[in-house]
Each structure stands twice: as structure tokens, then as C-alpha cells.
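Order-wise, the sequence lines are chains X and B.
Throughout the first sequence, residue numbering follows our numbering, covering 14 to 216 in sequence.
Throughout the second sequence, residue numbering follows our numbering, covering 1257 to 1483 in sequence.
It should be emphasised that the hints constitute simulated quantities derived from the structure, not laboratory data.
Incorrect hints may appear among the rest.
[To be verified] Derived DSSO-like pairs (lysine-lysine); straight-line CA-CA distance at most 30 Å:
| hint | chain 1 | residue 1 | chain 2 | residue 2 |
| --- | --- | --- | --- | --- |
| 1 | B | K1432 | X | K98 |
| 2 | X | K95 | B | K1432 |
| 3 | X | K99 | X | K70 |
| 4 | X | K99 | X | K179 |
| 5 | X | K95 | X | K70 |
| 6 | X | K95 | X | K179 |
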Amino acid sequence: MAEPEAIRLAQQGDAAAFERLYQLHSRRVYSLCLRMVGNTAEAEDLTQEAFLQLFRKIATFRGESAFSTWLHRLAVNVVLMKLRKKSGKETSLEQVTEGDEEAGTPRRDFGAVDIELTGSIDRVNLQRAVEQLPPGYRSVFVLHDVQGYEHNEIAEIMGCSIGNSKSQLHKARMRLRDLLHEAVRAKAREERRAAGSASGGEV
Amino acid sequence: MNTIGCNEFLNQLGDWMENNRSADARAHVIRCGDCRSLVADLTAIQESAPSLALDDPEPSPRVWLAVRAQLEQEGLIHDGRRAPAPASTGWFDAIFAMIPRPALAAAYLAALIAVGAALVAPGSGYFQRTSSGSARWLSRTENATGPLSAQLNSAEQDTFSSFKTADPTVAASLQKNLAIVDNYIALCEKSVREDPQDEDARDYLYDAYQQKADLLAQMSDRGDIGQ
Chain X
14 MAEPEAIRLA
24 QQGDAAAFER
34 LYQLHSRRVY
44 SLCLRMVGNT
54 AEAEDLTQEA
64 FLQLFRKIAT
74 FRGESAFSTW
84 LHRLAVNVVL
94 MKLRKKSGKE
104 TSLEQVTEGD
114 EEAGTPRRDF
124 GAVDIELTGS
134 IDRVNLQRAV
144 EQLPPGYRSV
154 FVLHDVQGYE
164 HNEIAEIMGC
174 SIGNSKSQLH
184 KARMRLRDLL
194 HEAVRAKARE
204 ERRAAGSASG
214 GEV
Chain B
1257 MNTIGCNEFL
1267 NQLGDWMENN
1277 RSADARAHVI
1287 RCGDCRSLVA
1297 DLTAIQESAP
1307 SLALDDPEPS
1317 PRVWLAVRAQ
1327 LEQEGLIHDG
1337 RRAPAPASTG
1347 WFDAIFAMIP
1357 RPALAAAYLA
1367 ALIAVGAALV
1377 APGSGYFQRT
1387 SSGSARWLSR
1397 TENATGPLSA
1407 QLNSAEQDTF
1417 SSFKTADPTV
1427 AASLQKNLAI
1437 VDNYIALCEK
1447 SVREDPQDED
1457 ARDYLYDAYQ
1467 QKADLLAQMS
1477 DRGDIGQ
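Between the sequences and the hints, there should be enough to build the whole structure, so can you do that?
Here you go:
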């Protein structure tokens, strides 16, 4: 069953159509949630909530935007609401996406960076670093660089301007650079310590 | 010739990464090692990011089961082929909101997988849709689920005898949910008896047993926590 047909039938309450839409999109939505919260159980709960919201509202879908964009917008909102509740702050979506500006502002801080990251980024390090990003940066980075959405789509998903999406992405990458360098330096320190204690043990 | 400095280049860095590169910015990068290094790092991050999506897992089947159960409860789904949904499927949400995510007990899971395989594996035999075929399917299904049902009942008794929790609200909720799942199992068994060759009905029966095993595992975990 193709997506447009599944949408049409789901709008009439057809169970198989709901299931088809779930099959088509669940992996991507779950992936987004997982990257955002870094926890499989929470990601599953959020995926469940996003699809429930989607199916409750599907009768109102008129096709003005792509179905996946609409679904991702719901999913991002569900995740951000969850993160907001977790942090105990009552803040607007704009504040979440704009948050932590200072930390992400490009810095003229070359002195602390003495190693190039090329070749030293593995998936585990990168995922750890992504999890440390503020939620707004994390959303845009995951949507753009991981999932391949364009800025105009992200703007629609996040409810922000295209310029804002670009700016958030740039700040996210700058922050990731700092975090990854920090991880590389920590690893180097650890290796030196290990080598030191090993040589000390032999004496 | 270098017409811009590092600060100005930083202001253009976002555009640079979007492939909007002015001649001045290009000239600066050629000349400035620090900015070249910065660009190399950001490019490495950008190029590594898609690798995060390579091993994206599927959500577990329980997500769709919960979504479907909730939609059925809210009357948003209609499908005559389906077995009846639990009388109050809100238990799924309630339980997951209340207690930590359980790990399905290994013994239960192994048994359930074996039963599921026996019920739905293509190699388990295909019978024509006849009355004798129905009888053989029913017999096969009952042979497969009988021991499992007995095991789950035994586990239920063990769980209740050792179940202790500091929170009586949690205990009451778990017991109420167990009654709902038992009711669901009974309805699914009835559907299978009525049409033993209905694959959907058998799938639902399998799901129902799995839900009970899941719930018992949760109760067991909660009991341990409460002790």
C-alpha cells in the first residue's frame, strides 16, 4: 500500500493503513527520538506518543506539507516537551531552540585546539558528544546532518526560520568540535596515565 | 592576497559550510592554518554524522502494540478481522508510566519465542481451510500453548507469593492489569477456537501471552525493588 493510499484509508479508520504508515515511518521517528534522548526505553515511549498524536490528528491532514515533515514536527515537539518537563523548566519552543546561545557562539579559541579531528571521530564519540548538546542544537543537528533534512524542512518541523535553522546547525557543529576535542584530549591523558602506571609497575 | 581576518572569516563560516564561499574567505583559508584546521574539523563532523543513522534499530514490537491498543480503545481503528482488544488497554500506558522498564524474563521469552515459532512458522505445516484443517490447527495450537499457559499460571502464583512492594497503589494497579491481560488472553483463545486457521487470531493470542509474561516480569522486578 503506497503512502497516499495509506493516509486516505487511515483517515477513514482503516487499521491496516495505520499499521502501514507506522511501518513506513517508525524507524526514522524512533531514530530521531533515540538520538535526542539517548535512551531506548524513553525513545520508544516518545515514538509511541508521536504516533498516537499523529493518528489522532490524521483526519485533519490535508497534504499541504509532506506527511513525513508533519510527523517529524509532531515527534520533535513531543521530544522537546519531554526534555522541557525533565529539566523542570516551563519554556517555549523558541527558547528551547534558541537556548544556550552563549555556549554555541563561535569562539576565537584556536589555542586550545591542537589536534585535527579528521580520522579520529568514531560513532561512539560522536553520539556521546551529540547527547551533550542543548536540545535545540541537538534537534537541528540530528535532523540536518544525521537524517538529511534540508533547512526549509527543518524550519517547518521546528517552527523556526530557515536562518535560525542554519544558525543553530552551525553552533551545534562548533559545540561538537569542542566536545570532541575534549574527548580526544581526555583519551590521550588516560593513555599517558596508563602507560605511566604500566612502566612504573615494571620497575 | 588576504583581505579578511579570522574574525571576519568566522562570521562567514556558516556560509562556508553551506558551500557559499567568497573569494576573500577562500584566500583566508589558504593562508591561515587555524581556520583551515577549523574548517577541516567541521567538515569531518559533517561527514561523520550520517554514520550515526547506519545502525538505527527498529523500535520494539511493543510500541506498535501499545499504539494499536490505544487507538482501538479510542475507537479510531476499525477492522473486523482483528481479535477483540483488551477491555481497558490504558493499562499499558499506565504501567509504563508507573514502573521502570522491565526486561522480559529470559525463561518466559524463550518459551514465547518457541510458541510463536510453532504457531506461525511456515515450516510448521500448512493445512487447507477445511474442517479437518481447522481441527489440526486447533490441536497444534493447543499443544503449543498449553504448556506455556501452565508455565505462566505457575509463574503468576510464584510472583504473587513473593510480591512485596512498598507502594500499595502500584501493587493494586499491577494486579488489576494482570486481570485485564487474563481477560484479553481468554478473548484471544476464544477467537482461535472459533477460527483456528485465522493467522491474525493466532498472532493476537501469541501477543497476549507475551503481554502477560511481560507483566509478570515487571511485577517480579517491582517485587524485588519493594523488598
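Exercise. Are K1432/B and K98/X close enough, with their CA atoms no more than 30 Å apart?
Worked result: With a Cα-Cα distance of about 29 Å, the restraint between K1432/B and K98/X holds, given a limit of 30 Å.
Exercise. Does K179/X lie within 30 Å of K99/X when you go C-alpha to C-alpha?
Worked result: Holds - the C-alpha atoms of K179/X and K99/X are around 27 Å apart, at most 30 Å.
Problem set entry | 30 Å Cα cutoff - pair K99/X, K70/X | Roughly 26 Å separates the two Cα atoms, so the pair holds.
For this session: Starting from K95/X, check that the Cα of K1432/B is at most 30 Å away, please.
Result: holds, 28 Å
Exercise. Does the structure keep K95/X and K70/X at a Cα separation of 30 Å or less?
Worked result: It holds: about 20 Å lies between the C-alpha atoms, which stays within 30 Å.
Exercise. Is the hinted pair K95/X and K179/X satisfied, with a Cα-Cα distance of at most 30 Å?
Worked result: Holds, at roughly 24 Å.
Taken one by one, the earlier hints all hold for this structure without exception.
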